[in-house]
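S.K.: No gaps in the numbering here: position 350 of the sequence shown is 578 in our numbering, and each next residue is one more.
Nothing false has been slipped in among the hints.
Using 30 Å as the maximum straight-line C-alpha spacing, the simulated DSSO-like pairs for lysine-lysine come out as follows: (1) 700 - 484; (2) 614 - 566; (3) 598 - 689.
Because the hints were derived from the structure by calculation, they are not lab data.
Please read all numbers here as calculations on a predicted model, not as lab measurements.
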Amino acid sequence: MHSNLVSFIQVLRSRDVRVSPAESLDAVDVAATLGYSNRSLLRDGLAMTLAKTPEEEVIFLQCFDRFFHCELADFNPADSPQTTDQDEPPPAPGSGGDAQAQDGDPGDEVSPLEIAARDNPILQSLLQSPLMQSLVQNDRNELTVAMTQAAEQVGLQQIQMFTQKGQFTRKILDALGEEHIRNAVIALERAGDPALVEVQRYRDILREQVRDYVEREYLLHAEGKTRQFMDEILSKTRLNNIEHMYLHKVHELVRKMAKKLISRHSRKRRHLKRGQLNMAKTMRKGIPTDGVMFNTYWRQVRKEKPQILAICDVSGSVAAYAKFLLLFLHSLQDVLPKVRSFAFSNHLGEVSEYFNDYPVEKAIELVNWKYGGATDYGNSLMDFAKLALDDINSNTTVIILGDARNNNGDPKLEIMQSIYQRSRQVIWLNPELRRSWGTGDSEMLRYQSACHFTAECNNLKQLERIVDQLLKSIE
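Between the sequences and the hints, there should be enough to build the whole structure, so can you do that?
M.R.: This is the structure in structure tokens:
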């Protein structure tokens, strides 16, 4: 059962429920203390251990009910005259001699297949297999356990894609020993035996139950893995190649990345040597020195909040990349509250108020509509110098997103050099491949001399890594 609990925790993790190794050990202790006999009690105990938010609790309850699903499969053919009381345990399968000895007992029912097997060596051989005996007697407990063990044997929990369902269904059937039934069907078909229909019914119901089992396991294990796989693909796809139908998934992925970075960087604080004395901490730190308080600690803290100036090219060739950079930066308000955004093509303007007045997606749409067009980096840098050059200081990070293709105009390199001298760091993100820098009308190599850091950035994975490094550098 501990291995089942570990598998259940893996299912939770695949659905973005955060479970640490320490919490996994706590869950094992909870299960050992509460036991597995009371399902509701176990569910409540594990929920208190593993679910930390209301959203995670909803996911936990759904996964728990599906993972610990206790319904037994029914392998009894619908039109078979044999019936088995589901509330009573099925009788243990006996030998052929025992069956013949009990023929005269009117309390025991014999299936048509067992009657036909008396004079048929093919059926006699088939009925000797444990699988066929369990099928004939509809031993639901034995068959369900055998199917579960076969699934573990073939690694069904590793299923990731819907195209694997047929493969795992066949592997489970082989592990159960369905080959004996297939061979019997072929032999009966060649002999024209009327018992063929009965055997085919058992074969078909077995396959149906295994397919249903694989389908349930796929929905349980592969749903989260498929979402993770899709996120991984989208995070490595060039942003201008992502189709419109996937944009909502990309927005969710950006917010997820931003949330991860916020949790990683939001706790950095600088303690000052002034303010209200933290007497409890001061006395506690004095314990190793016999109560002598050599060091004092203060309650007042100040968060170092740098200023970020984001300058985005929103011309047609770069608009998709600028959209997601702005979405990313404005999703980090808890870490970067001082983000000023600028957009340009042939002229530049500050667009910070758009993000104050509208949702991020609507603000980005308005920015692209107002500032899109042909690119003129020189004229746009002149506009930026008038708007914000005097506001740049040693605590300012300037992020520029653009392909640096200036349509053979004046690049105004002296303005970039002035920004470089005033700011803490200048970061240029170029969505083009690095080998394309400096080709044609690209001024990237000249602008690169006035930047502290330049990088190729055309997908979310690269963007996340660069923003993560940015946050580390300004803490």
